[in-house]
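Here are the chains, one letter per residue:
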Amino acid sequence: MNKTATCELLLFVSGESGLTLTELSSLAELSKQACQQQIVYLREKYHADEESALTIIETAGKYRMATKEEFSDLLSTYAKTPLNQSLSKSALEVLSIIAYKQPLTRLEIEQLRGVNSSGVIATLRAFDLVEKVGELEAPGRPSLYATTEFFLDYIGINQLAELPEVDEEQFIAEKQILFNESDEDAN
Amino acid sequence: MIEEINIKIDNFEGPLDLLLHLVSQYQMDIFQVPLVPVIEQYLNYIRKMQTLELEIAGEYMLMASQLMLIKSRRLLPTISDDFIEDTEQLEYDLLAQIDEYRKYKMLSQSLNNLHTVRSHYYSKSKTEIITDETSLIKDKNAIDLFLAFNKILELQRQQIEDENTTIEAE
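Residue numbers (this note's numbering), protein chains in the order written: chain A, 1 to 187; chain B, 1 to 170.
Extracted from the complex, chain A is given alone in its bound form:
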């Protein structure tokens, strides 16, 4: 069997759950390096072929076969999977607090935001974006929350280290934009 076809086949079958390089290499009986090369080759092949709607993306440490970016408008009317759905402002706020300060308790999140956040946490857990990872050794033994592997996939990065940093300059610049926006909302 052709190496490229094997990799393509496995990626097709795995779909949205994707495959790690290790899984791919053991299934295809190829070295990791060879798999990597095949993926690069496939990606380039798809890219060059204007009659193909496919591409390969790497998120949360897994390779996934996906449709090309330019078809998103067409597909958004057809499909609505949890992955492509966006979150509310409050859910996003809680998610980013958990992402950057994990593991942390509900109380810590609420202190940061100044509002009750239990409903939002339940939503994020239902979407499998955050999970309980343990309990804090404190009175009441509160649960500690952290982000899941799906979270990495959700924002399209491979590891937490790739999270955007707070860039002070950009911070000030975005502050202006942010506030101008909220001023517009006001009127």
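The set of hints was computed from the structure by calculation and includes no laboratory data. There's no promise every hint is true.
[As the list claims (entries may be wrong)] Derived EDC-like pairs: lysine to aspartate or glutamate, alpha-carbon spacing no greater than 16 Å straight-line:
1. B:Lys-124 with A:Glu-69
2. B:Lys-71 with B:Glu-91
3. B:Lys-151 with B:Asp-132
4. B:Lys-126 with A:Glu-69
[Stated by the list, open to error] Computed footprint of chain B on chain A, listed as stretches where at least three residues anywhere in the stretch have a Cβ under 8 Å from a Cβ of chain B:
5. 30 to 42
6. 148 to 161
[Said to hold, decoys possible] Take a look, some chain A residues computed to stay more than 12 Å from chain B by CB distance:
7. Thr-20
8. Leu-21
9. Ser-26
10. Leu-136
11. Ala-138
Positions of the beta carbon are idealized from the N, C-alpha and C atoms, including for glycine.
Assemble chain B onto chain A, guided by the hints.
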């Protein structure tokens, strides 16, 4: 000094968001912002909400009482240096809280941008391949079944909520 505030309360994610908005009108470093006018604007805003008989989340009232403490301490003649320090600490804590909140508000924006990029890629769900030789591992129990069904219910509920406007008293 006090601008006409005609924003609805549900545009804000809690009292810190509202304070951040008011502080931002001064267009200066967050720790340089004169607090007393901000406090006045905040209280004014809450009062307006009350006259319109709008539902206000409890957190807004809690913040209002904290702000009133700061304001009253500011206006009272000082007894000792300790007292001034105490008041300054209260103010500083509040500003630090707003600043921290601002950071996460911005970060949540960048996460949203990342997600928007990611959401342009669609995949199909995993193909379930079943052969005659497949044997069951039997590693799932009643709890797993319960949780799995519960998750589906929760997702459904969320979707219905997203698609319909609900009026909720907070």
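**OP:** Kindly indicate which numbered hints from before are broken by the structure, ordering the numbers from low to high.
**Re:** 3, 4, 5
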